[in-house]
Amino acid sequence: MAEPTEVYTSTHVLEYPYSRSVGPVIGAFLTGLREGKIVGIRGENGRVIVPPTEYDPETGAETSGFVDVGPGGVIETWAWVEHPRDDAPRSTPFAWALVRLDGADTALLHVVDAASKDEVTTGARVTAHFLDEGERQGRIQDLCCFQLEETS
Amino acid sequence: MSTAPQPKQGTRPVAIVSFAQAPTQRRIEQANEVELLMPVISEVYAQANMTKDDVDFVCSGSTDYLIGGPFSFVTALDAVGVWPPKRESHVEMDAAWALYESWVQLQEGDLDVALVYGFGKSSLGDLQRILALQLDPYTMAPLWPDQVSLAALQAQAMIDRGLATEEDFAGVASRSRRDAMNNPNAQVANDLDVATLLKEEYIASPLRRHCVPPLSDGAAAMILVAGDRAFDVVDRPAWITGIDHRIEAHAFGVRDLATSPSTTKAAHMAGVGEGDVDVAEIHAPFAHQEILLASALGLSSATTLNPSGGPLAANPLMAGGLIRFGEAANRIMDGTASRAVAHATSGPILQQNLVAVLEAAS
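Protein chains in written order, with the working numbering: chain A, 1 to 152; chain B, 1 to 362.
Hint data in this document are derived by calculation from the structure and do not stem from the laboratory.
Glycine included, C-beta positions come from ideal geometry on N, C-alpha and C.
A hint or two may mislead.
[As the list claims (entries may be wrong)] According to the in silico footprint, chain B covers these stretches of chain A (three or more CB under 8 Å from chain B):
hint, segment
1, 7-18
2, 26-32
3, 43-57
4, 67-78
5, 85-97
6, 105-111
7, 135-143
Sequences are here, hints too, so could you generate the full structure?
Given below as structure tokens:
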């Protein structure tokens, strides 16, 4: 077989040009973020699920009753990124973390701002920081990050 | 004469009788998906001394997100030939689940032979961005978390729980890539000790480069035969005596990431603990996940883990799980094992787990 001398390539952009409703539960969560607060929902055994879901993730039972949680919380686990990707929420080093907000029984994935890896530990307390009111659009990025609480 | 062992699930014994894979590479530019598959399909037929006329059912696993076009699996059917028409299906999952669908189809009793294949070229796009799209579209995907960082959350949870150390992760990577030196289909094979690996930089702490699977292009295919007819094809068919699939919650913030209850449940249902396990091929793309999964499967230190090198040596998306089944089946068919475990995973941070027990007939 002859060695190919040229590889044909082309750019292909895939788009889904439609919008969809987020529904009453995720909708309440995103609306809460626009108002600068975080809401969860009660699952079957009264545990509070954040972000809220329309069903209990363990039993499938319908959830009901929104609950305000946070803005403080605890780092359940984390990963320090020294060299962020271009699409990462931060252009400087940061930590991804699962944060269990005060009043919640599950954890939310988000960003922890810290000056260095040495500052981040499992169990550390953090507080949610939001964009300014005029910049919030009802999306997960309205919560811009978690910051470590002062320990003294 | 041997008789097929009765399976735990279903009523009809089904065996893997042949398996073929393309040598995995970082980037295969000179072959499209069909061209990548054709020699693999030819080889899997040749091993079984079959042609496509012998096949009753065809099932594939692949994802449109890699190629960036809808219904790309239909195009791939050119690799198996579309005339005369066959009963055919596809899963938008790793091809291990195409094996599972085929196993279910063969339980119906009217079909005897199934061809299963899977393919994926990670080189076509930015895999980290593509895999972020499997996350919750409202609360996670807009942040574009990459799969290495997500896996690192799990690895950190294991460290915090005292279940493993960074040295343990390096140990898995060192052994896997050393074993891969004997696997001609592997992509990353080398002989580096733990101390050397621990000098590498973190990609997302606590995961260093060696803890992370390679980006791979590859394809694999397999033939399943139901009933004693399998003995006509190969001396030691790899009988699927147990198989089960379990799923964790979609949002991993509700899970305990240091454990895998879905794997434990699937292993129990498949009967993993009902006999000695000679060899296990575990679909653990990240080094720490092999430790987590071996524990969740209930394997003892007597079991040889991933002698092929596993996903740390070659990780073609959508074929990597089927390759675990194929490598485990090869150990049965070549006589080096009598009872093997095959595992495949799908979704973020081990969300879905498929476990099977493969056995030689006694």
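Hints that the structure is at odds with (numbers, increasing): none
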